[in-house]
Every structure is written in structure tokens, then in C-alpha cells.
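Using the hints, build the complex out of the two chains.
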Amino acid sequence: MKLLAVGLNHQTAPIEVRERLASKFTHVEQVYADLKSIASEATILTTCNRVELYAVPSAAPSTIIDWMAQSGMAGFQSIRGHLYVHQEKDALKHIFRVIASLDSMILGEDQIVSQVKSAYREATSSQSTGPVLNRVWEKAFSVAKKVRTETGISQEGVSIGRAGVDLAKHILGSLSGKKVLLIGAGQHGKLVARHLSQHQLGALYIANRNFNRAEKLASELNAAAIPLSQAGHYLEHVDIVLTSVGGKAPLIGYTQMQHILKERRYQPLICIDLSVPRAIEPRVSELEEVFCFDIDDLSQVANEGRERRVKEAEKAEAIVEAESDRCWHMLHTDELNTQIGDVFKNAHELQAAELRRLYNDLPELSQVQREAIERYSHALIKKILHNPIQTARQHVEAGNVQQFQNIISALSVPQPPKES
Amino acid sequence: MINQYFLAVPILAYIPCMLPMFVRRLSVRQHSLLILSAFILHCIVVILNIVISPLFWLSSPALTMSMVSALLMLSLIVLRLIRPKLSALDKVILPLSTTMLFIATLSPASDAGLSTEAWILVHLCCILLGFLFFTLAFAFASLYLLQRQRLKQKNFHQLSRSPNLNILDSYNYYAILVGFACLTIGSIMGLTQTNGAQELALDWTILATGILWMWYAVAIYSRIYHGRQGRWAAWFSVLGFSTVCLLMLAGAVLTGDWHLGDLP
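So the sequences go chain by chain: A and B.
The first sequence begins at -16 in the working numbering and counts up one residue at a time.
The second sequence begins at 849 in the working numbering and counts up one residue at a time.
It should be emphasised that the hints constitute simulated quantities derived from the structure, not laboratory data.
Positions of the beta carbon are idealized from the N, C-alpha and C atoms, including for glycine.
Check the hints yourself; a few may be wrong.
To be verified - Dumping the calculated SDA-like pairs for lysine to any residue here, alpha-carbon to alpha-carbon at most 25 Å:
#1 Lys128/A - Gln878/B
#2 Lys1002/B - Ser157/A
#3 Lys1000/B - Arg247/A
#4 Lys1002/B - His171/A
#5 Lys162/A - Lys1002/B
#6 Lys245/A - Trp1063/B
#7 Lys1002/B - Ala285/A
#8 Lys365/A - Ile390/A
#9 Lys19/A - Glu105/A
#10 Lys152/A - Tyr249/A
#11 Lys152/A - Gln997/B
#12 Lys933/B - Ser157/A
#13 Lys294/A - Pro932/B
#14 Lys152/A - Leu929/B
#15 Lys152/A - Lys1000/B
#16 Lys152/A - Ile968/B
#17 Lys1002/B - Glu272/A
#18 Lys1000/B - Ile390/A
#19 Lys298/A - His1005/B
#20 Lys128/A - His879/B
#21 Lys1000/B - Leu270/A
#22 Lys161/A - Gln997/B
Claimed, not checked - Across the chosen pairs, the derived CB separations fall in these ranges:
#23 Tyr359/A - Ile888/B: 53 to 61 Å
#24 Ala305/A - Cys891/B: 30 to 38 Å
#25 Arg248/A - Lys1000/B: 14 to 22 Å
#26 Leu1087/B - Glu219/A: 46 to 54 Å
#27 Val293/A - Pro932/B: 21 to 29 Å
Unchecked claim - Beyond 12 Å from chain B on every Cβ pair, some chain A residues (computed):
#28 Glu12
#29 Glu71
#30 Lys76
#31 Thr107
#32 Leu150
#33 His178
#34 Ile253
#35 Ser268
#36 Gly324
#37 Leu338
#38 His361
#39 Ala362
#40 Ile367
Okay, chain B solo, but in the shape it has when bound (with noise of 0.2 Å):
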């Protein structure tokens, strides 16, 4: 059985790492170390629910939060590498993956087993990549119109600290195709792989994850043919991802099963 609260964990450790961003006595290396830290001791929680029950962390919806919770600051850290500004990036996702943690651990305590059937492996960790790359489109799309923002209202204070609008439109496009195509396999692999078309009942989860490939093809669709960019395609993303994916995702670990409740 899986320990729901050891999932807390981790988040006494996020909530320092937020402090600087509001107080601002830390450098940038020190603030670093800290993240680093924190998601260092997020790991170690993460493999020690994994070594204790080997097959429940793609079954427990917690658990897989948990995971995806980690994957994001371990891209908070590697971006940062890449492009010292991304750390702007902080306050989007420090606060999303503490969130995600918190609901994690609201999830009712969970033994059930999982098929060890391949396909459901690749289904889960393919809707759990597009879950994960659905989410830094979220944050690059919502730095964006705060970038944004700051050049309409001539705010040229704060404007260094934040990569360029061009870069931050760019990655939440790319983030945006490779969710989408994770989405789509995992999709598939689930569509097709259940025994027949009349067992397969459609339920909440479903519908929601249908609700969500039309929504991101939409946004794809208006990019490559329409040229639709930068605010449009920023809130198009905020939008998409903090309602139908965020609230998606809430509703399986709240009630601890993947597949909700059928449609009436």
C-alpha cells in the first residue's frame, strides 16, 4: 500500500524555493541550489514509492502525479541550464508542480493492481508525456503574456529578466506538438487495444481526452494554415491546459482511478 502523505514530502521542500521569488534575498545560484535540492529529496521520495510497490506507480494516479511532478522541475532545472532566463519559468511551475503534489496526496489510498500488459505501459506513459509537455506549454505561454504585457504597458523594468517573446512562443508551440503526438499514440494504444469495440464504455476520462486532442489539433491546425501565433496561441494553451487537462488529471487522482465514472 502506498503512503499518500509520505507524497507531502516533497512539498515542504518546494515551499522554501518559493519564498525567493516573492522575498528576492537569494542569488540566482543559491536559488538554484535550493530547487536542486528540493527536487533532489522529490526523487528520492518518488524511487522509494516505486522500490516499494513496483507495478502501483502507473496505477495509482497519486503516484504517477507525483512522477510528473518531478519530470517538471527536472525540466525547470535542465531549461534553466540551457537558458539561464528560463528561471523566470519558476513561478509558473514551482507553484503548479507544489499544487499537483497537494492533490496527489488528497488521493484515497490505492492497491490495485495493474496489468502487466505492454500496451497499457506505453498507453499510460504516452498520456502522461502529453500531460507533462501540456503543462510547459501552459508555463511558456503564460510567461509570454506577462512578457507581453509588461512591453504593451511599457513596463521596461522587469523586461531582461524574461527570455524574448519569439523564444517563448517557439517552445510553447514545440511543447505543444510533442504533447499532442504523445496524446495521440497513447490514445490510440488505448482505443485500440481494449477487446473489441462494444467493451469499451466511454466514460468522463474519455471524453475529456477527446475534448483535449480537438482542442491542441485546433490550435496546430490555426498555427500552420492561419499563422495564428503568439497571444492567441498563449492563451489558447493557458486555456486548454487549465481547464480541461488540469481538471482531467484532478479528477482521476481525487477519486484515485484513471478510467472515471462512465457517461450517463
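With the rest of the complex left out, here is chain A (with noise of 0.2 Å):
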């Protein structure tokens, strides 16, 4: 059985080469028609960080490699140097490595099962894949939600905003109708508030020293500016606080955060200072109901996160192992069925095409002699045929292919002659 996968990524070509290669597959529907020609199945995925094509060919693979290769925008060679090419069960593994995002460029990452699921979605559309690509493509978004859901390869945060997200919900559960304010415009500010604001807040709002700039955000985020003057009475309602200023003394001190805890019935603030000098005074830290937070701390959960996705990668990388030899065994067994099937069907066609030039050869059977005679026919057939059909299957399990395709075409029937 044949299986292949050719494509660039992140790692093998700058984005230039991407660029080039995917733009050779624009209009997905004519490329999948042009493909017809040389691969009997194909699926075609995009992304930022790849261009891959996965494949059953027909033709000789060197003959799909270069045709991967000739991009319309550019030369033939500058896209072939780039180009990696797995066969078989590497193919197999490669294509469930990417699902489980073990080749992305952030490990771990969610969006790679969604862009699979589109690009599969599209081949189907056209038409374009079949027995043995569907049954792949099945057992991947498996494997993808066995690695999600039996290693922490997805939990952790790597970046900066996420830290803060993972920070936040360590202590309040679900982010959805809590309060935000973020004072200042600072870079890791917005970063952060970006993240938050994509979980359902109940309300964000953003305080600057320039009320136009906090304006020009809030449109950004969706949320409400509001004067830099007025951040402290909102300090009250809200559940999150995110300075991120410029700036030498301290925007909220201790003495402040004491009286806002009492108006807040003791109910628990987040403050993530991303400022540098910092913008809350850090003995805040040491009040009972506040867990604060800098720019440091973010940096060591994500860098946690980091390490942990790696050591889960570990783990993945075993599931795909175990997968794609499953799979791989899996679809080479149907396949032999498959052929083992052929190899009966048409002894069985014979056998029909025998009997009827019997039945007319000798008219005054009666329906019992033909009865017997099928059934004695039939099980000659299967005495005949079982122990080739043994001896082929124990050469595939000893790993002798070629033995067992010999056998195969011996058993190979001719086709049952014409009737005059």
C-alpha cells in the first residue's frame, strides 16, 4: 500500500518559499482536478507555518514530488531543496505528528486539528479522497484527541498573555462575567488584556493618561475607556488589574488597596503589574485578598509552561508511535484483504461461467444435481485456494511482501472465457 507526504514547513523554508508554494494552491478544486492524473487520493493542507501534500499515488512518487515542486511563482529547484518527502508508515506517523502538533512551531498548539479538519473537508468536497485516506484522516483526529486528552501537551500557557489568562483562572475558575481594568497602554498590558478578552468578560475597561490612546484600545478590545482619574473607584467592582505604565512612584499603594478591600467585602483581586518600575506597591502583595503578580512571574509560567509541554511531548510522541503502527498494520491488512477478496471473487466468476456452460452442456439436471454440483464446486474452490492463501498470509506477517504478491498473481485467475 502506498502513502505519502510531501510538503515544507516552518523549520525547512523561510516564509518567502511558503509564500510561493501556497500560492500555487489558490483555488483548491482545479489543483485537486490536476492531481487526479497522478494520485488516486490526495489531501492538501495550508497553513502559516506549512504546505503539505498527502497522498495514495498512482504514478510513480518522484513524478508527485515534482510536480509539489513547480510552483508557478518561482524555480523548480528553489522549492525542491525545501521540500521533505516521508513514504508509507513515515507518512502515516508524519501526518499524525502534525495533527497531534508535535511539528508545530508552538508545541502543543489547537488551531492544527481545525485546519486539518478544514483541509479534509475541502478533499472531500472534491472529491479527492478515498478508502484509504478517509480511514487515515479517522484515526488521526483520534490520535489528535487521545494526545489532547491523555498528556498536558495543550494545558500549560507559553506566552506571556496566556500566563496571565492561566494566573487569573488558577484563582477566580472561569473568566466568563468578570471585571477587568487595564491601566496603561504598555505592550505586555494589551497583550494580556488581548487573551482575557477573548474569555467572556462581564466588562473591560482601560485607563490611560491619554484619554484618546485608552479610546483607540478600547475600540480595539472592545471594552470602555474611562479617565486615568477614575481608575480607583473602579478598583472596587473589578476582579483583574493590569498596570502597564511608565512611570517612578507607585499608582496604587498599600494604605489604598487596604480601604478598596474593605469596600470590596473581602472578595479576591488579581493584580498583574507589567510595568517596570513597578506600578503597585509591592507590599499590596501581603494584604490577604490580593495575589499579585509581575512581569517576572509571568515569564516563569510561561517558561514553566514551556518546559512542561516538552516533557508531555515525550509521552505524545509515544501515542503517535503506537498509533501509526496500529493504523499502519490496520490498512495493510485491509488492503490484503482486499486482494485476497479479488482473488475469490473472480475464482467465484469462473466457477459461474464453468457451471452455466455445464448446465447447457447437460439441460436435464435437475435444480438438486445442480444444487450439489454448485456446493461441491464451491467447496473444491475453498479447499484449493485455503492453503496458498495461509502460506501467502504468513509471509506478510513475516514481513515478505513480495512473496505474498507473488502468490497473489499466481492465484490470479484468468477471466472466464466468452460465452458463444
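Following this line, the structure appears as C-alpha cells:
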């Protein structure tokens, strides 16, 4: 059984080359139509980090590789040097690694599964998939789910923004309905606010010395801009405070926070201070219901997240290895069974043709006699084919696929003669 | 007669369950299966004791404690299924459950009969359910304090192993509410069904129950009317359980009598 994976990614090609190749696949229906002459089944995956073709080739694999390398916008050789090729079981393992996000730029990222599903949908609607790729993708999606549920590869955040969200979730649980106040419009503050705003917050307020900047950022994040002078009042009602300002003196002091906590009736308050120097007095973290984190803490969380993902990736690789072995064996067995089935089918067709000739020659045979002859000839075919088929299977289990093919070819009976 | 030492059998099953918490060689699934096996053995022991002595299961504080321990483990298994991160409760509930079983084995042998009046059965069941939920509240509160300390000390390494603080605080509160309701019903049944107030002699158990009731009433009142939650509520839960609740139950088990001696 043949399976091919050919393409390039962020590790083997710079973005300009990836763009050149991706431009080839802009009109996917036409591309799939062009591929039909060299591949019986195909799926094309195009993302910002990779362009790959997965195919069951009907022509020589080199033909498909050449076709892939011939991008419309640049010379053949400039793409070819960046391509990698996986065949047979390696191609299957590569597919599983890609969908499990083990080959992604950010290990454990969760966008790849939806991207692959989208690519599969396009291939299906172009009638470009078949029994092999359908089976492969079905198995790939279950492998992706297994990797995500049985390992922690996607659980920890790896960016500053995500680290802020994770810390808030460790305290508050769901962020849905929570209120956030962003003071300042610094880069890190905007990053964390952007991540938080994806969680159906109750409200997001933005305060800045420059009110116009606050309004501009508020329109980007679907938030409300407030004057900086009123930020203190909002501290009594929000759940998370982000500060990302420049300035020498702290913006929020210990005494001010003590008073605010009393007004808040001891509800926990999360302060993420991304300013340097810090805008929240460090002593504030000693207060009972205040949890203060600074940029170093978020970096630490992000680094630990990355390390944990690398550790979890080992478990994920083991799952991919085991599942690709199992899937390859299953695909192989399916193909073998199909070939063996064809042998029996041909034999039975020949049996039927010979029996028709016999009945023409001996029309006086009764129905009972005909049924007995049919049973006898059917049993004879089974007995004759049994030993060779068993031997063929044993060759496959021993890894001698060529011997198997030789036996199947020898058993392939000629087409039934045409009736006069 | 109940064989108190028979209650020690589940202890031998629970001790191996605690080892992975420190050695960390088992996967979560393997650890869950180990706990489940020990729990099944525990249930068999409890059921056998009930079958041998059908009415003694409530009259004997030892056997009752064993049942509470079993229900505690059942709660742990159910909670793990609802929220896998609540498997962090293992660190509190497993040692607690094993300690209860150990105390039960120290109880003197009891062959006292039990009145079959329904009110006594309801009274005892409610008190015991109250105790079960206060124990769960203690577990949630302990985990809350541990998780809070990790956040305050910025020990981010183990944060993801426990549920978030909000969940732990909420579960602590709900467990206190249910436990308090059970304790109230059970106490009222006990107080109102004795034959006349003159015959109600104040003993240490009734005094301790009263203190416990007041303690958790203050916790609930403070939460509803003053918003006292989080660390304050957690410490209240931990102290309430570990001082009054556990001592009262241990006293009953070690003396073999639910109602301890009269107050002087």
C-alpha cells in the first residue's frame, strides 16, 4: 500500500518560499482536478507554517514530488531543496505528528486540528479522498484527541498573555462575567488584556493618561475607556487589575488597597503589574485577598509551561508511535484482505461461467443435482485456495510482502471465457 | 459481637494507596484503580459487619466511623469523576479515612442493643451525615489553603494539579451548609424526642454538638452577611473540624458510647 507525504514547513523553508508554494494551492478544486492523474487520493494542507500534500500515488512518487516542486511563481529548484518526503509508514507517522501539534512552531498549539479538518472537508467535497485517506484521517482525529486528553501538551500556556490568563483562572476559575481594569497601554498590558478579552468578560475597562489612546485601544478590544482619575473607583468592582504604565511612583499603594478591600467585602483581587518600575507597591501582595504578579512571574509561568509541554511531548510521541503502528497494520491488513477477496471473487466468477457451460451441455440436470454441483465446486475452490492463501498471510506476517504478491499473482485466475 | 479488629483490614488496603502520593510512580488512572480496589474491600468489610450485627451498625461508634470512612472514600471517588483535578483531595481524605479506621479499631468491643425507634435512626444518620460533610469541608478548606499558599509564594510549579481557589472555596461553603442542615435536623430530633426535658441530662456530647453548631452557624452568617470567604472561611472550617468535630467523634469511639459522661 502506498502513502506519500511531501511538503515544507517553518523548519525547512523561510516564509517567502512557503508563500510561493502556498500560492499554487489558491484554487483547490482545480488543484485536486490536476492531481487526479497522478494520485488516486489526495489532501492538501496549507497553514501559515506548512504546505503539505498527502497522497495515495497512482504514478511514481517522484512524479508527485516534481509536481509539488513546480510552483507557479518561482524556479523549480528553489522549492525542491526545501521539500521533505515521507513514504509508507513514515508518511502516516508524520500525519499523526502534525495533527498532534508535535511538528508545530508552538508545541501543543490547538489550531492545527481545525485546520486539518478544514483541509479534509475541502478534499472530500472535491471527491479527492478515498478508502485509504478516509481511514487515515479518521484515525488521525482520534489520535489528536487521545494526545490532548492523555497528555498535558496543550494545557499550560507558553506566552506572557496566556500565562496571565492561566494565573487568573487558578484563582477565579472561569473568567466569564469577570471584570477587568487595564491601566496604561503598554505592550505587555495590551497582550494580556487581549487574551483575557477572549473569555467573555463581564466588562473590560481601559484607563490611560492619554484618553484618546485609551479610546482607541478600547475600540480594538471591545472595551470601555475611562479617565485615569476614575480608575481608583473601579478598583472596588473589578476582579482583575492590569497595570502597564511608565512612571517612577507606584500608582496603587498599600493604604489605598486596604481601604478598597474593605469596600470589596473581601472578594479576591488579582493584580498583574507589567510595569517596570512596578506600578503597584510590592507590600500590597501581603494583603490577604490580593494576589499580585509581575512580569517576572508571568515569564516564569510561561517558561514552566514550555518545559512541561516538552516533557508531555515525549508521552505524545509514544502515543503517535503506537497508534501509527496500529493504523499501518490495519491499513495493510485491509489491503491484503481486498486482494485476497479479489482472488476468491475471480475464482467464483470462473466457477459461475463454467457451471453455465455445464448446464447448457447437460440441460437434463435437475435442480437438486445443480445445487449439489454448485456446493461441490464451491467447496473445491475453498479447499484449493486455502493453503496458498494461508501461506501468503504467513509471508506477510514475516515481512515478505513480495512473496505475498507473487502468490496472489499466481492465484489470479484468467477472466472467464466469453460465452458463444 | 463485632470484631473490632476486622475493621483494620481496610487500613492495610489504604496504606498502599497513600504511597503514590509521595513516591509518584503510578499514573492517575492506576492510582484511581488502586483506591477503588481498596474502597471495594472496605465496603465488603462494612457490609459483613452489618450482616453479622444488623442493629449494631449505629450503636457501635466504631462501626459507624468505619461507615463514615467508607462514605468519605465514596465521595472522593465521585468527586474525582466529576472533576479530575479534585484527585488532589487524596492527600487529605486518604490519611483522614485511614486515621478514622485506626481509631475505630481502638474502640472497646460493644454488644449494646439499639432501640429500633425511627427517630433514633434518623437522629444518628443525620448526625453522621453532618460529620461526613464537615469532613469534606475540612478537605476542601485544607486544599484551598495549600493552593493559596502556592500562589502567594509564587510556587507555580504545582498549581495545575489542584482545582482553582474559587471552586475550593465554593465547595467548602456548600459542604458546610449541607453538614450544618444535617446536624441541625439530627440535634433537633435528639432534643425533642427524649421523654421530657427533665430526663435530658447534659453530657459532653451534647455540649460539643452545641459548640459545633454555633461554630458553623457563625461561619455561615459571616459569609452571607459580611462576605467572609476565602482564607478566613477555610481556616474556620479546618479549625472547626479538627478541634470540636474530630475530638467529639474520637471520644465516642474510644469510650464505645455515643453519649459521653454527664457534665459535672
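Item checked: In rising order, the numbers of the hints this structure does not comply with -> 16, 18, 26, 32, 34 and 35
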